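So the sequences go chain by chain: G and E.
Under full-length UniProt numbering, think of the first position of the first sequence as 1, with each following residue one higher.
Under full-length UniProt numbering, think of the first position of the second sequence as 1, with each following residue one higher.
Keep in mind that the hints were calculated from the coordinates and are not lab data.
All values reported here derive from a predicted model rather than from experimental measurement.
There's no promise every hint is true.
[Said to hold, decoys possible] Subject to a maximum C-alpha distance of 25 angstroms in a straight line, what follows is the list of computed DSS-like cross-link-like pairs (lysine-lysine):
1. E/Lys93 with E/Lys7
2. E/Lys56 with E/Lys45
3. G/Lys48 with E/Lys42
4. E/Lys7 with E/Lys90
5. G/Lys93 with E/Lys173
6. E/Lys56 with E/Lys7
7. E/Lys173 with E/Lys143
8. E/Lys173 with G/Lys96
9. G/Lys96 with E/Lys58
10. E/Lys165 with G/Lys30
11. E/Lys26 with G/Lys96
12. E/Lys7 with E/Lys42
13. E/Lys93 with E/Lys45
14. G/Lys93 with E/Lys90
15. E/Lys165 with G/Lys48
16. G/Lys9 with G/Lys93
17. E/Lys143 with E/Lys165
18. E/Lys93 with G/Lys93
19. E/Lys90 with E/Lys143
20. E/Lys173 with G/Lys45
21. E/Lys93 with G/Lys29
22. G/Lys30 with E/Lys173
23. G/Lys48 with G/Lys9
24. G/Lys45 with E/Lys26
25. G/Lys96 with E/Lys7
26. E/Lys165 with E/Lys45
27. E/Lys7 with G/Lys45
28. E/Lys90 with G/Lys29
29. E/Lys26 with G/Lys48
30. G/Lys48 with E/Lys173
31. E/Lys7 with E/Lys143
32. G/Lys48 with E/Lys143
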Amino acid sequence: MFAAENGLKGDPRLQAISDSIRVVPDFPKKGIMFQDITTLLLDHKAFKHTVDIFVDRYRDMGISVVAGVEARGFMFGPPIALAIGAKFIPLRKPGKLPGQVISESYELEYGTDCLEMHVGAVQPGERALVIDDLVATGGTLSAAIRLLERVGAEVVECACVIGLREVKGQRRLNGKPLYILVEPREIDNCC
Amino acid sequence: MSAYRDKDPRIHGIQTTIRVVPNFPKQGIMFQDITTLLLDPKAFKDTIDLFVERYKDKNISVVAGIEARGFIFGPPIALAIGAKFVPLRKPRKLPGEVISEQYELEYGRDCLQMHVGAVEPGERALVVDDLIATGGTLCAAMKLLEQVGAEVVECACVIEVPDLKGRERLNGKPLYVLVESH
Chain G
1 MFAAENGLKG DPRLQAISDS IRVVPDFPKK GIMFQDITTL LLDHKAFKHT VDIFVDRYRD
61 MGISVVAGVE ARGFMFGPPI ALAIGAKFIP LRKPGKLPGQ VISESYELEY GTDCLEMHVG
121 AVQPGERALV IDDLVATGGT LSAAIRLLER VGAEVVECAC VIGLREVKGQ RRLNGKPLYI
181 LVEPREIDNC C
Chain E
1 MSAYRDKDPR IHGIQTTIRV VPNFPKQGIM FQDITTLLLD PKAFKDTIDL FVERYKDKNI
61 SVVAGIEARG FIFGPPIALA IGAKFVPLRK PRKLPGEVIS EQYELEYGRD CLQMHVGAVE
121 PGERALVVDD LIATGGTLCA AMKLLEQVGA EVVECACVIE VPDLKGRERL NGKPLYVLVE
181 SH
């Protein structure tokens, strides 16, 4: 569900956040209009608004775990975790985490990839939030949900700054609520 | 300079939350794992607070974080001190036009990149990573910032491995760390 349809309609912060995102055409390949959040991170106000909106939503939900998907989820997850007093769990590509891990595969357009989490990072019964910068097909987020559920955590919601068209109208992913701040930007001058 | 030596009471709590994983990524390396620090909300908050207290009045407008663990510590610092956050990334991850800096690995080379236009000449910058070992990556990070005319005020890491003498590779730039690993 989009923030604008869920209590934040007309909130000027959402427009500021959307305006700060840069579109890079044909990256990583032709036809993809890449939503670049690095320009949001350059805009202190927009970055702060982004974190504040998520913090306001989640601070009273009894969430003890914020899990961020490598690598852009690492930029949004920790500030949220710090503000709500939760632990931060990095969900990483294979071979990066040094300790014992559990793994979950997911589909790519061509082939599969894998997400890992440290054993013992999350206890059964903990309430968790999953964070990433953008949700497209939901493949990565689904793998993240499965990792947390395998260790007995309850995924309360998945939160992303940007949600692509494929998820518009979907309020849930794998049965879990999805919360998104903005839609993708179009390029201003279309060629 | 290290807060460890300053004996700030928060340092002990931070130090004890860092897990050492032997023989990762290879035999003989005692890997300093900060993921266990991140599991302790007080230790994580203390870590960020120590950096924020040091930098908030130093007119720093850029916090540059090194992929990927620098992405965990850099943004909270940037948000608290009113600076922008600039991710320094492995090749081909950043979508826009980039500048690159190579650096030596034990075997071979790697490369760090930054978006063109992210940082203006004359900006005062902090470089953040979880750990400094040989200093190769931090050195490449500083060069990227200096390439675009920024002034690197300091490098900040949670952990230093002093035996690897990374501090000496920073071309005289100051280094601030919270804990040392011997």
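Now for the hints, and whether the structure bears them out:
A threshold of 25 angstroms between alpha carbons decides the hint, and for E/Lys93 with E/Lys7 the separation of about 39 angstroms lies outside it, so the pair is violated. For the proposed pair E/Lys56 and E/Lys45, the alpha carbon gap of about 16 angstroms is at most 25 angstroms, so the pair holds. Annotation: proposed proximity of G/Lys48 to E/Lys42 holds, straight-line Cα distance about 21 angstroms (limit 25 angstroms). A hinted pair counts as satisfied when its Cα atoms are at most 25 angstroms apart, and E/Lys7 with E/Lys90 does not qualify at roughly 35 angstroms.
The suggested pairing of G/Lys93 with E/Lys173 is violated, with an alpha-carbon distance near 33 angstroms, which exceeds 25 angstroms. Taking the CA atoms of E/Lys56 and E/Lys7, the gap is about 21 angstroms. The hint holds against a cut of 25 angstroms. Of the pairs offered as hints, the one joining E/Lys173 and E/Lys143 holds, with about 11 angstroms between alpha carbons and a cut-off of 25 angstroms not exceeded. Distance hint between E/Lys173 and G/Lys96 is unfulfilled; the C-alpha atoms sit about 29 angstroms from each other, more than 25 angstroms.
Among the hinted pairs, G/Lys96 with E/Lys58 is inconsistent with the structure: their alpha-carbon atoms are about 34 angstroms apart, more than 25 angstroms. Annotation: proposed proximity of E/Lys165 to G/Lys30 is violated, straight-line Cα distance about 45 angstroms (limit 25 angstroms). At roughly 12 angstroms between alpha-carbon atoms, E/Lys26 and G/Lys96 fall within 25 angstroms of each other, so this suggested pair holds. Proximity of E/Lys7 to E/Lys42 is assessed by CA-CA distance (about 17 angstroms); at most 25 angstroms being required, the pair is judged to hold.
As the CA atoms of E/Lys93 and E/Lys45 are separated by approximately 29 angstroms, the hinted pair breaks the 25 angstroms bound. Taken as a hint, the G/Lys93 and E/Lys90 pair is honoured in the structure, with Cα atoms around 14 angstroms apart against an allowance of 25 angstroms. Taking the CA atoms of E/Lys165 and G/Lys48, the gap is about 37 angstroms. The hint is violated against a cut of 25 angstroms. For the proposed pair G/Lys9 and G/Lys93, the alpha carbon gap of about 36 angstroms is over 25 angstroms, so the pair is violated.
Distance restraint check for E/Lys143 and E/Lys165: the Cα-Cα separation of roughly 19 angstroms lies within the 25 angstroms cut-off, and the hinted pair is therefore satisfied. The straight-line distance between the Cα atoms of E/Lys93 and G/Lys93 is roughly 14 angstroms, inside the 25 angstroms bound, and the hint therefore holds. Distance hint between E/Lys90 and E/Lys143 is fulfilled; the C-alpha atoms sit about 15 angstroms from each other, no more than 25 angstroms. Taking the CA atoms of E/Lys173 and G/Lys45, the gap is about 30 angstroms. The hint is violated against a cut of 25 angstroms.
For a cut-off of 25 angstroms, the pair hint linking E/Lys93 to G/Lys29 stands: about 12 angstroms separates their Cα positions. Distance restraint check for G/Lys30 and E/Lys173: the Cα-Cα separation of roughly 42 angstroms exceeds the 25 angstroms cut-off, and the hinted pair is therefore not satisfied. Taking the CA atoms of G/Lys48 and G/Lys9, the gap is about 19 angstroms. The hint holds against a cut of 25 angstroms. The suggested pairing of G/Lys45 with E/Lys26 is violated, with an alpha-carbon distance near 42 angstroms, which exceeds 25 angstroms.
The hinted pair formed by G/Lys96 and E/Lys7 fails the criterion: a straight-line CA distance of about 32 angstroms is larger than 25 angstroms. Restraint check for E/Lys165 and E/Lys45: not satisfied, since their Cα atoms lie roughly 28 angstroms apart, outside the 25 angstroms limit. Proposed proximity of E/Lys7 and G/Lys45 is contradicted: the alpha carbons are some 35 angstroms apart, above 25 angstroms. Proposed proximity of E/Lys90 and G/Lys29 is supported: the alpha carbons are some 18 angstroms apart, at most 25 angstroms.
In summary, the hint linking E/Lys26 to G/Lys48 is not supported, as the alpha carbons are separated by about 39 angstroms, beyond the 25 angstroms threshold. The hinted pair formed by G/Lys48 and E/Lys173 fails the criterion: a straight-line CA distance of about 30 angstroms is larger than 25 angstroms. Restraint check for E/Lys7 and E/Lys143: not satisfied, since their Cα atoms lie roughly 32 angstroms apart, outside the 25 angstroms limit. Simply put, G/Lys48 and E/Lys143 have alpha-carbon atoms about 28 angstroms apart, too far for the 25 angstroms limit, and the pair is violated.
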